[in-house]
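Chemist: Given chain A, work out where chain B should sit, using these hints.
Same order as they appear, the protein sequences are chains A and B.
In this text, residue positions in the first sequence follow my numbering: the first is -4, and each later residue adds one.
In this text, residue positions in the second sequence follow my numbering: the first is -4, and each later residue adds one.
Keep in mind that a hint or two might mislead.
Which copy is meant is left open, so a pair is good if it fits within one copy or across any two.
[Claimed, not checked] Computed cross-link-like contacts, DSS-like style, restricted to lysine-lysine with a CA-CA straight-line distance of at most 25 Å:
id, residue 1, residue 2
1, K57, K282
2, K119, K32
3, K202, K464
4, K194, K296
5, K57, K312
6, K21, K57
7, K319, K21
8, K296, K245
9, K354, K194
10, K77, K32
11, K411, K220
12, K32, K200
13, K236, K354
14, K250, K32
15, K282, K313
16, K245, K411
17, K464, K22
18, K22, K236
19, K236, K376
20, K236, K32
Simulated from the structure, these hints should not be mistaken for lab results.
Protein chains: 2
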Amino acid sequence: MADKKLVEAITSMEEDFAQWYTDVVKKAELMDYTSVKGCMVFKPAGYAIWELIQSQMDARFKETGVENVYLPMFIPESLLNKEKDHVEGFAPEVAWVTHGGNAPLQERMCVRPTSETLFCDFYKNDIQSYRDLPKLYNQWCSVVRWEKETRPFLRSREFLWQEGHTAHATAEEAEERTIQMLNVYADFCEEVLAIPVIKGRKTDKEKFAGAEATYTIEALMHDGKALQSGTSHNFGDGFAKAFGIQFTDKDNTLKYVHQTSWGTTTRLIGAMIMVHGDDSGLVLPPKVAPVQVMIIPIQQKKEGVLETAASLCDRLKKAGIRVKVDDSDKSPGWKFSEQEMRGIPLRVEIGPRDIEEGKCVLARRDNGEKVECSLDELETKTAELLASIQKDMLVRARAHRDAHTYTAKTMDEMQKILDTTPGFVKAMWCGEQECEDKIKEVMSATSRCMPFEQEQISDVCVCCGRPAKKMVYWGRAY
Amino acid sequence: MADKKLVEAITSMEEDFAQWYTDVVKKAELMDYTSVKGCMVFKPAGYAIWELIQSQMDARFKETGVENVYLPMFIPESLLNKEKDHVEGFAPEVAWVTHGGNAPLQERMCVRPTSETLFCDFYKNDIQSYRDLPKLYNQWCSVVRWEKETRPFLRSREFLWQEGHTAHATAEEAEERTIQMLNVYADFCEEVLAIPVIKGRKTDKEKFAGAEATYTIEALMHDGKALQSGTSHNFGDGFAKAFGIQFTDKDNTLKYVHQTSWGTTTRLIGAMIMVHGDDSGLVLPPKVAPVQVMIIPIQQKKEGVLETAASLCDRLKKAGIRVKVDDSDKSPGWKFSEQEMRGIPLRVEIGPRDIEEGKCVLARRDNGEKVECSLDELETKTAELLASIQKDMLVRARAHRDAHTYTAKTMDEMQKILDTTPGFVKAMWCGEQECEDKIKEVMSATSRCMPFEQEQISDVCVCCGRPAKKMVYWGRAY
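The following block holds chain A by itself, in its conformation from the complex (with noise of 0.2 Å):
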């Protein structure tokens, strides 16, 4: 049995979601805050989160041709304004430098908060020919924001992200790459973190600062909030026309590239954890999570014990699984809360019994499911369970989902449903601003994005009913 205290020093989710969250994440030691006002420190074990993310989505990337690369951290002033429409989205919510090596300096900068400016600056020198293009690069960067409020991996004024930036030669071939992107992002929270997510495209009030589209992935919170979880912008030309990106066609004539840009951030982590957590803690898809299995003895002085539990983890090491053993002095029961609070996917419990019997017991994390197994199997069906537990909990999480999508046709229908059984709610619009600030107003509900799958729930826009236009998802969101 788990103990218990390790447990009740967390709030249940029932009680409060946001208390929950917050001490999850401390209770796992995945972040802290810092005495640097609004800015968080990423402890070993949310930063191996952070890693292995890092390294899997890369890997996508790369498949698909992008490549890394590291542009400056600041943006002098005059390079930010040359965009009008994000300056005005930025500009407000960045962070100045205005003094280096005690001296003022003649222009000052702001620490990037996202670096479309930059990489434009960077292209107009770098791009020449039809032949330099297409560019596909991407960076790994922290990014700043001055935000007010501080939330572990949701916001906070300095935060990880990554930001790919590209330039083509044809308004077809960055359309096509900004969804091909949107669909890389789909498929990795789907496949890697089993969060199912909708894809669409937001509305001009919520699309980026300088886009001509923003689509956007959309996941549902276990509390029923959505998050925003990632987004690919279609800039069109109109970057290239500020900052006079032109290259030489093969028809030898000069012509401005179309761009695209599209990040995710840390937010992902907060994501996870508000899908697939539970009152016991943190609850990580095998894929990425740093310790995939905790071995953790019984009886652990008796004879041979620790040995067996040792031999055991090296099996499986050999097998490329992540893997340590709790050898220290705890009682089994404080370690099990512990593994199960860091939301390690399976234990292994191994004892002196066991191990005359030639066998052990696996504990999934997700579904709390013991079974034995025969130390000679050890590897396949850890192996096995791992797979299991990440498509399973892909499966719970879209079922969670499905049963917090509502339908409304009227405003009454939606509040009601925001105030009682909180989720996405899918309803009608007339294309109106409008009316999507008085669905705001009203019930501080935001248009999550007009998903590629439309249905046609009315023929009316829910908050003016006049002819509707789009299918929008509807949500609270962090």
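Modeler: Coordinates of chain B only, in the frame set by chain A:
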């Protein structure tokens, strides 16, 4: 034959080494200047080298128990000010953020030039008991120092690095870790970058601001100048006392921790260029070459040539080798030059006659040797050659270093060596900073380190003639 035009675009090393370096960096497309003063962009070919350095160095760190974390990029002024020597060393060269989101900050913050103060602030809360020790943390990030000059990879206002920060229960353990990480660096340089290094201790004049002892690895560039390639610092309990980092030891008394930090930067890429490069461009050690083998088809329009090239590429990929085919419409000679300029370790030449005879030609970048290879043996022969190249590059670099390491007993001797055949000069030193200052003033040479392997070159200081305490490596440095 390689096409000469591309090569002619770079200055010869003998003529102007500094210009040769800049030309190679530019022509091999590693890095470029930006319109952000003092900041560089890592282009794909340059960043890919850094990724290979990161992954292999990171694995070595983790083998010693180090965990990765991420701390904020900002340091509030009051935090930077806590350790007296440290702030004196760094405050004059930091960038200050004074405004966030359009409002002046209550307290200005600098962008981290290094993160000792942030780690201390974190450890202060995170360490309570001897059970929490040691802490073995590292982070990969960028840091900012307001330099006046910029040289690609060697010096820029923002650069990429890793910084390890550890906390220990005893002074002995901290010293052990300091030396252990220096050894990790030295082994990495020799085994991965094929750069031989001298390990030693910095004089007090040259040590890190706030350190009790700084250890260094020093490498010799092709032009005879020295490059500090990695440093490891023992802080004793100085920072712990300034920040109040205490723990309850096993004997139930409160003690200060002992700390270390250690770092390497993208300078390592500069070192690699300047140690191995030649008049045809870059020469990359196979272990950090993003492309290890370039397959260049000859008469590629003839039937079967491109198909064969592609199938050889597939075979090498399957064998775990990083390989590409250059099937562009440039001439083979031009492709040879490009492959050489980019430092790709091995070239496979394959044409219609080769295919008929079931063979190809393998050309080594490091020494220009060409061998025929039966297509049946492609994988084994390629792997063998890559291993030989890696090994031979270190041997060659060590021979060059040794041939340019001299001893001097007088100032005149030292001056003559530095002015005619630059390199490391081993000479005795009395231990007084006065003599270090004088040597620097007279011949622009600095003490690189007091090597672990001491020799007794004479009994008296090369500068003042007083009794000698240490043999020192002197040199002109980057």
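Chemist: Against each hint, give a clear statement of whether it holds in the structure.
Modeler: Hints and how they fare:
| no. | hint | result |
| --- | --- | --- |
| 1 | K57 - K282 | both (19 Å within a copy, 20 Å between copies) |
| 2 | K119 - K32 | between (37 Å within a copy, 17 Å between copies) |
| 3 | K202 - K464 | within (18 Å within a copy, 69 Å between copies) |
| 4 | K194 - K296 | neither (54 Å within a copy, 44 Å between copies) |
| 5 | K57 - K312 | between (27 Å within a copy, 15 Å between copies) |
| 6 | K21 - K57 | between (34 Å within a copy, 24 Å between copies) |
| 7 | K319 - K21 | within (21 Å within a copy, 46 Å between copies) |
| 8 | K296 - K245 | between (76 Å within a copy, 22 Å between copies) |
| 9 | K354 - K194 | neither (46 Å within a copy, 51 Å between copies) |
| 10 | K77 - K32 | between (30 Å within a copy, 18 Å between copies) |
| 11 | K411 - K220 | within (15 Å within a copy, 75 Å between copies) |
| 12 | K32 - K200 | neither (30 Å within a copy, 36 Å between copies) |
| 13 | K236 - K354 | neither (68 Å within a copy, 52 Å between copies) |
| 14 | K250 - K32 | neither (46 Å within a copy, 29 Å between copies) |
| 15 | K282 - K313 | both (17 Å within a copy, 24 Å between copies) |
| 16 | K245 - K411 | neither (59 Å within a copy, 59 Å between copies) |
| 17 | K464 - K22 | neither (47 Å within a copy, 53 Å between copies) |
| 18 | K22 - K236 | neither (50 Å within a copy, 28 Å between copies) |
| 19 | K236 - K376 | neither (58 Å within a copy, 52 Å between copies) |
| 20 | K236 - K32 | between (38 Å within a copy, 24 Å between copies) |
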